[in-house]
Amino acid sequence: MKKIIFFVPITDAESVKEAIFNAGAGKIGDYDRCCFETEGQGQFRPLAGANPHLGEHGKLEKVPELKVELVCDDHYLKPSIEALLNSHPYEEVAFEVYDMLDWQSL
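Per the numbering used here: the sequence shown = residues 669 to 774.
Possibly wrong hints are sitting among the right ones.
Straight line, CA to CA, 30 angstroms or less: simulated BS3-like cross-link-like pairs of lysine-lysine [stated by the list, open to error]:
id : residue 1 : residue 2
1  : 695       : 735
2  : 727       : 695
3  : 735       : 671
4  : 746       : 735
In case anyone wonders, no lab produced these hints; they're calculated from the structure.
Remember, it's a predicted structure, so these values are computed and weren't measured experimentally.
Could you put the whole structure together from the sequences, leaning on the hints where they help?
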């Protein structure tokens, strides 16, 4: 089991989550589309050569974003990450993947 964490503009969050859920992430037992969201503010400055979805080259941009956390069975990880990258509006997507400890094996 893995945990996927990603950051997305609030305006695009539902469509990105939909893509990841459709790829198989966010299932816990008899529940699906499970995630936890934290609202915050992301910031970045597009450099020369970037093709920003938001903002202008050389100017600091601050965006209301969600941090989305969800679990993912190992066999759904690759399609779920592909769905994240293909549906996310940013050119460079900030995300993390962690191994989850199976508490039953302790």
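Do the hints match the structure? See the list:
1. 695 x 735: holds, 18 angstroms
2. 727 x 695: violated, 39 angstroms
3. 735 x 671: holds, 13 angstroms
4. 746 x 735: holds, 20 angstroms
Hint check: a violation occurs at hint 2 only; the rest are consistent with the structure.
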